[in-house]
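Number of protein chains: 2
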Amino acid sequence: MVIDALSSTFSALADPTRRAILARLASGERSVTELAQPFEMSLPGISKHLKVLQKAGLIEQGRHAQWRPCRLKAKPLKDVADWVDHYRQFWEESLDRLDEYLKEVQRTEKKYARKKS
Amino acid sequence: MVIDALSSTFSALADPTRRAILARLASGERSVTELAQPFEMSLPGISKHLKVLQKAGLIEQGRHAQWRPCRLKAKPLKDVADWVDHYRQFWEESLDRLDEYLKEVQRTEKKYARKKS
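Those protein sequences? They're chains A and B, same order as listed. So the mapping is simple: our numbering equals the position in the first sequence, first residue as 1, plus 1. So the mapping is simple: our numbering equals the position in the second sequence, first residue as 1, plus 1.
I should point out that these hints are in silico values taken from the structure, not numbers from a laboratory. Given the structure is predicted, the values throughout are model-derived calculations rather than measurements. Even glycine gets a Cβ: it sits at the ideal position worked out from N, Cα and C. It is possible that part of the hints are untrue.
Stated by the list, open to error - Mimicking PhoX-like on lysine-lysine, the simulated pairs with C-alpha atoms at most 25 Å apart in a straight line are:
#, chain 1, residue 1, chain 2, residue 2
1, A, K76, A, K52
2, A, K52, A, K74
3, B, K116, B, K76
4, B, K79, A, K74
5, B, K52, A, K76
6, A, K76, A, K49
7, B, K74, B, K104
8, A, K56, A, K76
9, A, K104, B, K79
10, B, K76, A, K104
11, B, K74, A, K104
12, A, K76, B, K104
13, A, K49, A, K74
14, A, K79, B, K76
15, B, K74, B, K52
16, B, K104, A, K74
17, A, K79, B, K74
18, A, K79, B, K79
19, A, K79, B, K104
What the hints assert, rightly or not - Below, a sample of chain A positions facing chain B; criterion: calculated Cβ distance under 7 Å:
#, residue
20, S12
21, W68
22, A82
Sequences are here, hints too, so could you generate the full structure?
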């Protein structure tokens, strides 16, 4: 089955360990051993996650240095941002409506409290 | 297994049909039959996708009207935008570096072309 690039990116992001790996790589390249450290995970366990991220194009592994550092790649993250940006107007309006509703509730409650006292 | 909210959102988004359903709902609520139309998909097929989107909190289905319209929910989409926004600086710098590199290549090529002519 051929999976489109965006589906493969979203699928790779659907795991907290993989997102934590990306967060560490945002500050600079790291070896697989360095990446494994905070997770109390075996090297094969981490390698499996790295393979998913690599297949989705979210990271790449250097070929030259002996420690083969992993680094973050920008494009798929920008594609996610571009995709979700189409919905920005929608959620801004929704959250504005929610805000307006909450203000209305507060006004009603205040009025009720004044009547009671 | 308990899945965190963001993983469940990303997992639901990892499918082009489900993303197309969200795109249709962005312009207003729709019945399940209306949603099924453009996909040449059976109602049970669409219902399965809707269940995944509903479980991830990306849509909700009305209870009152007889046609039980589906509508988009804002919060998980905003959560995705907030998450990816942490990487904005990273990809902007990466793409700037790429741009700089391409300009450098063009300058070198022009210089070389001038020398040859």
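To see whether the hints hold, each was checked on the structure:
1. A:K76 to A:K52: holds, 17 Å
2. A:K52 to A:K74: holds, 14 Å
3. B:K116 to B:K76: violated, 59 Å
4. B:K79 to A:K74: Given that 25 Å is the threshold and the Cα spacing comes to 23 Å, the pair holds.
5. B:K52 to A:K76: It is violated: about 30 Å lies between the C-alpha atoms, which goes past 25 Å.
6. A:K76 to A:K49: holds, 22 Å
7. B:K74 to B:K104: violated, 43 Å
8. A:K56 to A:K76: Distance ~13 Å between K56 of chain A and K76 of chain A Cα, so the pair holds.
9. A:K104 to B:K79: holds, 21 Å
10. B:K76 to A:K104: holds, 19 Å
11. B:K74 to A:K104: The given pair, whose Cα atoms are some 20 Å apart, holds under the 25 Å limit.
12. A:K76 to B:K104: holds, 19 Å
13. A:K49 to A:K74: At roughly 18 Å apart (the allowed maximum being 25 Å), K74 of chain A and K49 of chain A satisfy the hint.
14. A:K79 to B:K76: Satisfied, since the Cα-Cα distance of roughly 20 Å is no more than 25 Å.
15. B:K74 to B:K52: holds, 14 Å
16. B:K104 to A:K74: holds, 20 Å
17. A:K79 to B:K74: holds, 23 Å
18. A:K79 to B:K79: It holds: about 15 Å lies between the C-alpha atoms, which stays within 25 Å.
19. A:K79 to B:K104: holds, 21 Å
20. S12: holds, 4 Å
21. W68: violated, 22 Å
22. A82: At 5 Å from the nearest chain B Cβ, A82 of chain A passes the 7 Å test, so the hint holds.
Hints 3, 5, 7 and 21, counting from the list given before, are not met by this structure.
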